[in-house]
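Chemist: Chain residues, written in single-letter form:
Number of protein chains: 2
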Amino acid sequence: MPAPEIEQLISLLAKLPGLGPRSARRAALHMIRRRDQVMTPLTEALRRASDALQTCQTCGNLDTRSPCSVCADPERDGRVICVVEDIADLWALERTQSFRGRYHVLGGTLSPLDGIGPDDLTIAGLLQRAEKPGIEEIIIATNATVAGQTTAHYLRERLGEIGVKTSRLAHGVPVGGELDYLDDGTLAAALKSRRDM
Amino acid sequence: MPAPEIEQLISLLAKLPGLGPRSARRAALHMIRRRDQVMTPLTEALRRASDALQTCQTCGNLDTRSPCSVCADPERDGRVICVVEDIADLWALERTQSFRGRYHVLGGTLSPLDGIGPDDLTIAGLLQRAEKPGIEEIIIATNATVAGQTTAHYLRERLGEIGVKTSRLAHGVPVGGELDYLDDGTLAAALKSRRDM
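Protein chains in written order, with the working numbering: chain A, 1055 to 1251; chain B, 1055 to 1251.
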């Protein structure tokens, strides 16, 4: 049996998404073996992140300050807000470097079966932001899952009451994708949304 | 772009075995979101493990003390030493609760192509231990891989010079295994080592 210190480290690592008991054991051993190169820097990074990070009170992004660097950046276009389910989605969009507006992180999707209603997401905050003068477009970039699309429809209705323009991401053939390997739904959507060339 | 504190945490997590950039991002977000339940305990566990753990000078196990709890346990049979490649293998054998002797962790396998020779493993320490009076058997429990078996053969020769009895783990059908799904090598080994019933 490993020492209790190792046991505890393994059991905590095993709770992280993507790690099970076996990979947690491997990760723990890897860290302990490379104490100076891996373990100490990781401990330090965890401590620093835990101390410094906070949730942006405006958009729900994680940053060392609130409003976050996206909300505070004067060069970003404050007239367009892109609504995402999760901070990871915000990061994914930022990696594309093709959106220069602001974000709003919902914190999940509507899911009546799990008891998650509009009040459990940051929808009230989004409506408040959408009502402000100068907002021209809300891009609803929830996932193309059933839960994500349900949430998108709900948001479109609520935002429609305010009278702000809403849009959603295009469905279609992924860049580099082959038609033969695509699911029927995506292919049908791509056909329906075909564009002149 | 996430804050530099998050970036650094993600890049350190991504270096752990079993985690890539995407799963490291998910793990980092999971931790930051559940700061009190996940992040703080993990930081604490890392710090504690880093402070407390040391390598047993006798067998190479990791423990809070040296000699480790296995080497120091008077109820374990000091006449039998089980040689394993790695601490993870020691843990795996301990989980079976069917070995009550002591261990010796090699720290890897011989690999001339990677420049890993006998001096890079703890073979000298093993030979010293094997020479002591009272040692009756060395079980060579290296992996059943080419590198593991090469190392096992080398160890058998060196230990043979000392005159101590060596043994190796049995090859055969895994418990619960179906013959049809077994590779030919294992099946041939199981047939060759068949036992009266």
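Hints were generated in silico from the structure; no laboratory data involved. Here the structure is a predicted model, which is why all the values come from computation and not from measurement. Every residue gets a Cβ at the ideal spot worked out from N, C-alpha and C, and that includes glycine. Be aware that one or more of the hints could be misleading.
[Claimed, not checked] If you want the ones that stay clear, here's a sample from chain A, every Cβ over 10 Å from chain B, calculated:
(1) Glu1059
(2) Leu1063
(3) Thr1097
(4) Cys1125
(5) Ala1126
(6) Asp1140
(7) Ile1141
(8) Phe1153
(9) Leu1167
(10) Gly1171
(11) Val1200
(12) Glu1211
(13) Glu1215
(14) Thr1240
[What the hints assert, rightly or not] Where chain A lies over chain B, by a calculated footprint (3+ residues, C-beta under 8 Å):
(15) 1060–1067
(16) 1099–1107
Chemist: With reference to the structure, classify each hint as holding or not holding.
Modeler: Evaluation of the provided hints:
Remark: the non-interface label on A:Glu1059 conflicts with the geometry, its nearest Cβ contact in chain B lying 4 Å away (cut-off 10 Å). A beta-carbon of chain B is positioned within 10 Å of the beta-carbon of A:Leu1063; the least distance is around 5 Å. A cut-off of 10 Å between C-beta atoms contradicts the statement that A:Thr1097 is not in contact with chain B; the least separation is 4 Å. Every CB of chain B lies more than 10 Å from the CB of A:Cys1125, the least distance being 13 Å, so the non-interface label holds.
Here A:Ala1126 stays apart from chain B, with its beta-carbon at least about 12 Å from theirs, past the 10 Å limit. The claim that A:Asp1140 is not at the interface with chain B is violated, since a C-beta of that chain comes within 10 Å of its own (minimum 8 Å). For A:Ile1141, the non-interface assignment is contradicted: its Cβ lies about 6 Å from the closest Cβ of chain B, within the 10 Å cut-off. A:Phe1153, annotated as away from the interface, keeps every beta carbon of chain B farther than 10 Å; the closest lies near 12 Å.
The claim that A:Leu1167 lies off the interface holds: its Cβ sits roughly 22 Å from the closest Cβ of chain B, which is beyond the 10 Å cut-off. Against the 10 Å criterion, A:Gly1171 stays outside the reach of chain B, whose nearest CB is about 20 Å from its own CB. Every beta carbon of chain B lies more than 10 Å from that of A:Val1200, the smallest distance being close to 21 Å; the non-interface claim holds. Annotated as non-interface, A:Glu1211 keeps its C-beta farther than 10 Å from every C-beta of chain B; the closest such distance is 29 Å.
No Cβ of chain B comes within 10 Å of the Cβ of A:Glu1215; the nearest lies about 31 Å off, and the non-interface call holds. Even its closest Cβ contact with chain B, about 21 Å, leaves A:Thr1240 beyond 10 Å, as expected for a residue assigned away from the interface. Counting residues of the region 1060–1067 of chain B whose beta carbon lies closer than 8 Å to any beta carbon of chain A gives 5, which reaches the threshold of three, so the coverage claim holds. With 8 residues carrying a beta carbon less than 8 Å from a beta carbon of chain A, the region 1099–1107 of chain B meets the three-residue requirement, and the given coverage holds.
In this structure, the earlier hints numbered 1, 2, 3, 6 and 7 are contradicted, and the remaining ones agree with it.
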